[in-house]
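There are 2 protein chains.
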Amino acid sequence: MTDLTLLDITDTAASLAAGDFSAEALLDAYLSRIGLHEGDLNCFITLLAEPAREQARAADQRRARGVGRLSALDGVPIALKDNIDLAGVPTTNGMARLRTPARDSEVARRLRVAGAVLIGKLNMHEGALGATTDNPHHGRTQNPWRRGYTPGGSSGGSAAAVAARFCAGALGTDTMGSVRLPAAYCGLAGLKPTYGLISTRGVVPLSYGLDHVGPLCRSHRDLGVLLAVLAGHDPDCAESIQGRNALDGEAVDLRGLRFAVPLTAAATPCTDGIWEDFEVHVDALRHHGAVVVDAPLPSPDPTGTRLAGLLISEAEAGHALAEHFLANREDFSDGFAKMLNYGRTAPAHRLVAAQRQLAAVKVQMHKLFDRAELLLLPTTSQAAFPFEQAPPPGQADFTQWANHAGCPALSLPCGLSPDGLPLGLQLMARPLADGRLLAMAEAIAPLLPALALPVPGN
Amino acid sequence: MTDLTLLDITDTAASLAAGDFSAEALLDAYLSRIGLHEGDLNCFITLLAEPAREQARAADQRRARGVGRLSALDGVPIALKDNIDLAGVPTTNGMARLRTPARDSEVARRLRVAGAVLIGKLNMHEGALGATTDNPHHGRTQNPWRRGYTPGGSSGGSAAAVAARFCAGALGTDTMGSVRLPAAYCGLAGLKPTYGLISTRGVVPLSYGLDHVGPLCRSHRDLGVLLAVLAGHDPDCAESIQGRNALDGEAVDLRGLRFAVPLTAAATPCTDGIWEDFEVHVDALRHHGAVVVDAPLPSPDPTGTRLAGLLISEAEAGHALAEHFLANREDFSDGFAKMLNYGRTAPAHRLVAAQRQLAAVKVQMHKLFDRAELLLLPTTSQAAFPFEQAPPPGQADFTQWANHAGCPALSLPCGLSPDGLPLGLQLMARPLADGRLLAMAEAIAPLLPALALPVPGN
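Each protein sequence line maps, in turn, to chains U and G. Each residue of the first sequence is one higher than the one before, counting from 0 in numbering that gives the first Met the number 0. Each residue of the second sequence is one higher than the one before, counting from 0 in numbering that gives the first Met the number 0.
Check the hints yourself; a few may be wrong.
If several chains are the same, the list does not tell them apart, and a pair holds so long as it fits within one copy or across any two.
With a Cα cut of at most 20 Å, we get these calculated DMTMM-like pairs of lysine to aspartate or glutamate [to be verified]:
| no. | residue 1 | residue 2 |
| --- | --- | --- |
| 1 | Lys361 | Asp235 |
| 2 | Lys366 | Asp235 |
| 3 | Lys361 | Asp293 |
| 4 | Lys337 | Glu37 |
| 5 | Lys361 | Glu238 |
| 6 | Lys361 | Glu372 |
| 7 | Lys366 | Asp293 |
| 8 | Lys337 | Glu49 |
| 9 | Lys337 | Asp235 |
| 10 | Lys366 | Glu49 |
| 11 | Lys366 | Glu238 |
| 12 | Lys337 | Glu322 |
| 13 | Lys361 | Asp39 |
| 14 | Lys361 | Glu275 |
| 15 | Lys361 | Asp300 |
Calculated directly from the structure, the hints in this document are not laboratory data.
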């Protein structure tokens, strides 16, 4: 029999519906891969093999009893970044310890109602405040494409686990790029939806105005499957919105599609080959009838806005984690503690200035969508790099804009760097056009080179 | 001929349309009252008699040329609080000086396009950060109902000018109650619309998340006339929303209307007679078939949330005014300077804590609208008081909730205190139900005692 973990969620759902295999067999296939490679990759902070088995059996029993499938995710193994609450399971937030919640986060609740098999909690950059997933408490998560290389972050465990086929899909969180960035580094599709469309209740806050939960998957079509389960208004979440019709999106014809490249290569220096590869994709779109329009971000300042987002995150996470910090200083690395202290004690006017800086960017970003339906950018300015190398400061330079603007954005795998590591192509659309963005991805993905699967442990 | 200033905007518009009198005659009637009573009341910081005359003549010329009326406000004298930019006219923000803007604020631009006659800029509490309009730079604005009494604030000049019939309507701003509170103290109708529905671009910021522009008028029906001109998405304002359908609202039948009283008298102490008067109105609604439902705010903390709003205002206004402050310290009173310094230099985690406290209130408030379509409260816990009396600390205790929640709220005049001063009844509805809120006011206003007009200079 084929390795069941080779199927994406969409095909898995079809096979489970057809009874080609059981949810428990599927889980066993994933657990078997975990058994083989988790020692090398270190994706999980908490593996939940036994609860997952109960959930898989429950899915199989539903099928045996003739109950209709609860959703496309019924019986499908999904894992969660470890800043997302799952009732009764520790949430570390990538720190030594943080809490064991009594209640599910809203996204975990939705996954449960959908019948998903919740297979574990995934490693991440400490506090989600960084992008290497070189975690001082839980160790490094290796990039399945190349040992010794970062999977990116902060949702590095989520990306590595999906790329290594330890789960069919995973949830990450994205405050300035933490879903799209590791998706790009690991050759995956990753989505940050419209701000507020997926509830962040029960997710450890980094920045209330920039945080998003989003899925990482092996195919762009899987993103829509997860989004349909996760999106919805949550009256208990102050940031949650009524996103009626956000998921609508009819098929996109590339002919006549107006797209723009809002930043130049000069705004953010890229390593060799990145911008050249990106331009190949721009040309491919034009070749298929899409129209490039001129819609640049006026005087973009990627460093300034990134630092503004960082200060807001340090201050807001510093507030959110203050109680635990005062009682359990040892659960924080010195570097993370220093960042939180810096943000907590900064004078309020600096925080206000940072918030206003990003509000101005939001205004600029929204205006671009009057001229172009799609904004196109590389996802990152480089491919994955060795842990030994200092992280490039501008890792989030291309992704942050969608957080500031609250607009949906996704990364598609789009080929390999000269060095043989995956690259990502980033698509952004106007707020609440999430369904339309996915439809654009559906039209564009066939133009991009298909990636082989990584060989974990390489 | 009748005193033309006795007509509300709605009747004035009908008369101008019918040609009963000219816009210039109307302006003269208002200027004549200003000439008689402004010396006593001190409503204006800048009177714009000559530009207003040009605008009135332009309105009359449009009529003479057979051009259709630009809007219901065409030829109608309207005044603006002095924190709202009018091109070429000083904006003091109630300070000694602040700026002379080259551009209109978005609301001034909309009024101009509508043909309104912009008659002047009105006194206010210094920096909008207080509620007496006892202004150290521009003097006290007297309450037209009783000399020596506050008109309330911070939009005190706006309320006094409308009550004294110096203009047909005025714009104020409302961060925790600064439109509704002076409306109540001066026997007027005042509206704070849904957050973001009216652009705040070109209005001096106090708090970006709490600030609203809103109209003060002599009748509730005039509120809708002004709202229709002022509301609309402004792509240059980060806080502006797409409020499609927010102004819709069919006639309301009180029978079966579900309303709630979210706070008890115990939550905010009221002076004698206030809560008793309020209960008379509650009974009147019930008598006409409306249904009281139980929808209390869980553990309300009016003082705590008011202090949170105050800290946010001090920090954000402190940031917004920083440049002027550093160069022109003398334009700020010591008391105002101290508040801004306090907010500017507070540690960021306190600002975050205040923002989160209000975010939690927003969640609670929105849930009330699942159980009741209308929330009813007194507008203030006392009537207007003498300038010599220390301002009651809880003046905004009943109004602030609508700012935290972003929901539309209005104050209707509802009778007199035992001491003969006006009282206000406050109505709140769910966000984006502005039109429905006005329709509820239309149904409720006839149940309330009509007020005579004040005699300025009393």
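**Request:** At 20 Å max between alpha carbons, let me know whether Lys361 reaches Asp300 within a copy, between copies, both or neither.
**Result:** Answer is within; shortest intra-copy Cα gap is 13 Å, inter-copy 33 Å.
**Request:** Using 20 Å as the alpha carbon limit, work out where Lys337 and Glu49 are close: within a copy, between copies, both or neither.
**Result:** neither (38 Å within a copy, 60 Å between copies)
**Asked** From the Cα coordinates, with 20 Å as the cut-off, is the pair Lys366 and Asp235 best called within, between, both, or neither?
**Response** between (31 Å within a copy, 9 Å between copies)
**Message:** At most 20 Å between alpha carbons: which applies to Lys361 and Glu372, within, between, both or neither?
**Reply:** Result: close within a single copy only, 16 Å intra versus 33 Å inter.
**Prompt:** Are the CA atoms of Lys366 and Glu238 at most 20 Å apart within a copy, between copies, both, or neither?
**Reply:** between (23 Å within a copy, 14 Å between copies)
**Asked** Which holds for Lys361 with Glu275 at a C-alpha limit of 20 Å: within a copy, between copies, both or neither?
**Response** neither (28 Å within a copy, 48 Å between copies)
**Prompt:** When no copy is specified for Lys337 and Glu322, does a C-alpha distance of 20 Å or less occur within a copy, between copies, both, or neither?
**Reply:** Result: close within a single copy only, 16 Å intra versus 30 Å inter.
**Prompt:** How would you classify Lys361 and Asp293 at a CA-CA limit of 20 Å: within, between, both, or neither?
**Reply:** Within one copy only: 18 Å inside a chain, 40 Å across chains, cut-off 20 Å.
**Asked** Are the CA atoms of Lys361 and Glu238 at most 20 Å apart within a copy, between copies, both, or neither?
**Response** Answer is both; intra-copy 16 Å and inter-copy 10 Å each pass.
**Request:** Up to 20 Å between alpha-carbons, please classify Lys366 paired with Asp293: within, between, both or neither.
**Result:** Within one copy only: 12 Å inside a chain, 44 Å across chains, cut-off 20 Å.
**Asked** Is it within a copy, between copies, both, or neither that the alpha carbon of Lys337 lies no farther than 20 Å from that of Asp235?
**Response** Close neither inside one copy (32 Å) nor across copies (37 Å); limit 20 Å.
**Item:** Intra- versus inter-subunit Cα pairing at 20 Å for Lys361 with Asp39
**Value:** For Lys361 and Asp39, the Cα distance exceeds 20 Å both inside one copy (41 Å) and across copies (47 Å).
Comparing the model with each numbered hint stated earlier shows that hints 4, 8, 9, 10, 13 and 14 do not hold.
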